[in-house]
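Enquirer: Combine both chains into one complex, guided by the hints.
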Amino acid sequence: MAKTYINGIGCVSAQATVDGFPSEFALDENTNFLELVKPEYKDYFSPIASRRMAKGVKNGIVASTLAMKEAGIENLDAIITGTGMGCIEDSDKFLKAIIDNNEQFLTPTSFIQSTHNTVASTIAINLGCKAYNFTYVNGAVSFESALVDAKLQFDADEVSNVLVGGIDEMTEYTKSLFKLAGFIKPDESGPHKILGSHTKATVFSEGATFFMLSDTKTESTYAELVDIETINKLELSKVGHKAIEFLKANNLTQHDIDAVVLGFDGDVEFDEYYKELAREFAFTPQVYYKHVSGEYNTASAFGLYVGSNVLKNQEIPQQLKVNEVEKPSYHKILLYNQYRGIDHSFTLISI
Amino acid sequence: MNKGVAITGMGIISAIGNDVEENFRSLINSEKGISKTDNIPTIHKDEIMFGEIKKSNEDLIAELGLPADNNFTRTALLGAFAAKQAVEDAGIRDINEYKTGLINSTSVGGMDTTEKHYYEYFENPETVKFIASHDGGDVSQKISEVIGLEGFVTTISTACSSAANAIMLGARMIKAGKLDRVIVGGTDGLAKFTINGFKTLMILTDSYNTPFDNDRKGLNLGEAAAFLVLESDEIVEREGKKVLARVSGYANANDAYHQTASSENGEGAFLAMQKAFKVADLDPTQIDYINMHGTATPNNDLSEGRAVARIYEGKNVPYFSSTKAFTGHTLAAAAAIEAVYSVLAIQNGVVYPNLNFKTKMAEFDLVPQTEIKYKNIDYVLSNSFGFGGNCSTVIFSKN
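Residue numbers (UniProt numbering), protein chains in the order written: chain G, 1 to 351; chain U, 1 to 399.
One chain only, chain U, in its complex shape (with noise of 0.2 Å):
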């Protein structure tokens, strides 16, 4: 067994919490977040709904302590609020003590601005300072400036599993000796960008996700930010800092499949898990709890579904479930939420409900954890997808 990256911080803020204690309050006790729209002024808003994040960009500004004269955009506020809460957590006084880094990921960047400001720009002065917050990286270099990191920073985007990348990138460099300490994780606010272009696919659901029903229609949208701090075994041990989780495993793999669709064997899903199992030198039994990607579109959950049947052929499945049902799919920041969702799992012993199962799928003979359940945790395995074909997995462990 490889013994992992040592976790030392977490934090986040999603439709379920806004701190990872709200977070696990909710997971347990079965309460989701998904709800109709307050802050975004879309059409739809009436036929969909959203795993989105109460708090609205003026909450964020004077809560983060802001000047009036900000630029920030809500991904980059969502994840600076997330990003100093981890810090936080992990006891870190001053961040440039260490060679420390930030691997951020998001997929809409600051197109919750863009799209706002669009045709306004050549109008209104003031919206100006704007254009230079749309790209991905601005979100980034905003996190590193509410933390005061001067150091590696860089942002990956491979949409939906962009999070899981930051979080393997982040394991290699601390294995590497690279560097001491990094915070790792991802943002992405809700837009009208991203609403429509998932209505337009066609997989958005009407009402609340259901993954891997039978009867599934599509997903809810969401929004979120978290981060993890990774820490060398010297400064752990330096520090005498508490662990509270590893990272033991990870891999990418490409479905090379198609754009958007996975698939239907889900041979992607397939080798990413297979890979990951190497690095974390593990057998598939030893898992302990899944958390899918399970983002109850009929395509994902099915290819998801089938791949990680395909792993456990002639064994017994893990119990498993997808926590989308209470956040909604929150993009590039989901494998970052399940991350921390993954590590309290660990910690406290638990398996999450799969909400909103009724009927299992007619494919295969996979059912879901769909009651709350207390047991030992001492592997859990994460997956998460994205288009491109971009498919990871990252296993958590106990210290």
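Chain G extracted, bound-state conformation (with noise of 0.2 Å):
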């Protein structure tokens, strides 16, 4: 059975990331949407590849470009991306059309690009890979489904280079919806504290973190994924009891884990599990980090960027501090996520 490392990450979000993991965060609590920090496209695509492509394609790009270079990496053995809300910027354009020109003098280039699989095929096609490639859509375990599929690949021994991605993008038209629906905090309602939030609804924002998973490790090892559980549903009180199932499965305690990272993202109804699961880990350095990145269905990949900077600098950013517990050194790191109420997430990371 083969191990799988992550050897490569490259991310497009919020903060300056595109530049590498930041050792200063950019922190703006009266928001309630942190926009994206652009990539310089030009340094990756045609002017005219630019336009026609939506953001979150090129982000998907962008962020497995870098991943796929960190690892010096070109051949790949499968795709895998999570994308909770898919391609909306262009599934809105192409659906406003429809409606505003009732059903008339359509041109089919947004329904093309709005397939949700958009940009792991684009990827394929750029690389000419013709290898194993999937495409997950499933609320905030969206990237985690992507990561239980590539590990079962490595652990038959069926694989060698795995990219692995989660991309979300938002359109104002969306964003509007979510804030009619109480998903995003209302505007003008700031400053937003996300630990100790006493508001419903979140942060939001959007994104792309790539991870190239290879069964060797290198030079450019971040840590290596050990395992994932996902659970669509869990209630409160049992959050402990099934991270303490999910250690104990991979023959750990709590005790063996340096560092918890919490998906806590500001919405009071439903950080009570983050909290559940921190008052179980209360003697563990704690991080969080969707003040930082902004809350998106595949944030949790932000999460693991996180997670694994933790590990390969050996150190906890002090702006993504939950408490104040530090430990000399870090080695296994266990991340949980959920995103209103539902779609839970563990996964252990280790060097």
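It cannot be assumed that every hint is accurate.
Lysine to aspartate or glutamate pairs mimicking EDC-like chemistry, simulated, CA-CA at most 16 Å apart [stated by the list, open to error]: (1) U/Lys116 to G/Glu103; (2) G/Lys96 to U/Glu120; (3) G/Lys238 to G/Glu280; (4) U/Lys116 to U/Glu126.
Don't read these hints as lab results, they were simulated from the structure.
Computed from a predicted model, the values in this text were never measured in an experiment.
Expert: This is the structure in structure tokens:
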């Protein structure tokens, strides 16, 4: 059974992550939407290609290119992506055209690009990669589903190099719907403290984070991806128990964990889940990140990016600390995420 | 030969029937389900026909016994309807008794509802509940609620090959011991979004679709949902379960050619079939029936036909047909309903007719089976291809 190593990461987010793991994160508590720090797209695409592609596709290509480059990998045995909402820029565009023009005068471009697997297939076409190509769309476990799939293939010794990524994009219209539905905090209602929030809904954003997974440990290795488990529904009171069970299945106890990375997103209604787990791991260093990445269905991929960098740098950035507990060294990290009380995931990484 | 993963239950709703029996009866009686639409208010309703399920959302809500304030989309309703049947068919009483998962697939997700209320959301507070029902994951969450499942739930969206990939992942998870039991399949409701999308691509026929015919003009869009229950051999043995058939081979490959068109030589399809034979440990000549993707678009049937011809170069091509003339192209659900048809083909020893076929394609010497044919069937190969060059093959075998 081959091991699975994270050997390269590329991240496009609301932080300057394209240039590497930031030493300082930009914080803005007054907004309900963290704007993307746009990469220099012209370094990656011709202006013509760039115009044709939606934001999510471009970000996915930038992030995947960075991940592969860092790991020094050019040939892939599988491309697996996750996206909660899919290519909503193009689906919004096509749907608006249908409604506004009463199903007439339509062109296929945005329909073609609206398919959920557009990012994964565009990467395949660009690389001429005929390998396995899957896309998962399951809310907050879209990215973790992709990880589960990749891990299954490493465990079965079927692959050596697998590209895995999480991508979500936002549009103005979907943003307005999410405010109406109470998923995004109302405009001008800040400042928003993500930790200790007393209000419902979250601060949103968008992004793309890709991981180059390989069966071999190299100079560029961040961590070993040990295990992932997802569960659609979990009672609040059972979160701690479930986490311990997950660790037990990996022959570990909570005392073996050097840090927990929690998906706190400032929604008072559902952050209880994280608080519950935080209580269970009260003497463990705790990390949060959605105050710098924003919430989106695949924000947990940003969480894995943070966790991987903690292991690589052996340090938790001050701005990401939930508590003041420290460890002399970091070997094993547990990540926990959920969104609106469903789609829970536990991820274990190690060095 | 690979023993494969046991299939112990099936559920289906499509334009040719509301359960497994009705679907089978339509298939053997050559009764297609292509018609004008009753449910979709599209301006194209007089020019094109669909594989439409005649049950309305209200019918489905009543039959599922959902509360009036539910926020199920049509895709979720169809999915829940078929998944419930599959669970019952497998004789499952306590869904969470074993480590059970749901691997659903969809391409349109809740688009059927989003397109109805898109601008209305801001005017009609009653519609706001549907904003949360747009994404594919919500469909699977709804299905798991209806069948009471708590565990591994995910959704695959690789366009028209989606459900084949759901079956594949499910079989792999059972084999790896990650799950004891998994419900796999797909669902897609008809939507103006896809109707107009395929229309702009100019691949919709104005009549009945004619797979593998030289004069084929395109596809009829359809809607459907179907699910299979896969179980580990331990459960099958312990509970003395009846095994309907097995999933013995599968593979996914990418054409890496074009976002919406297949390469002319069907490279992705060829690779998917080749890899699936390897997984199943079978020789292509052992296949008794191929259930083709056969959408009846000029591009698909040429590309798929060439790939099949390449696989069987110098050998006899098995009996083959596309069932899309019965059901229309049901997108993400296509591979799921065709999985049910494949299992029924094995159980009943029957090759379904490829309806509406008249003239052999000029490019190759492939003629589909046009009349119903009864014969022993040990292995069925089922192809499904989707946008993004996504090519999948699943091989089913007799227990």
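Enquirer: Against each hint, give a clear statement of whether it holds in the structure.
Expert: The hints, checked one at a time:
1. U/Lys116 to G/Glu103: 13 Å, holds
2. G/Lys96 to U/Glu120: 13 Å, holds
3. G/Lys238 to G/Glu280: At roughly 11 Å apart (the allowed maximum being 16 Å), G/Glu280 and G/Lys238 satisfy the hint.
4. U/Lys116 to U/Glu126: 13 Å, holds
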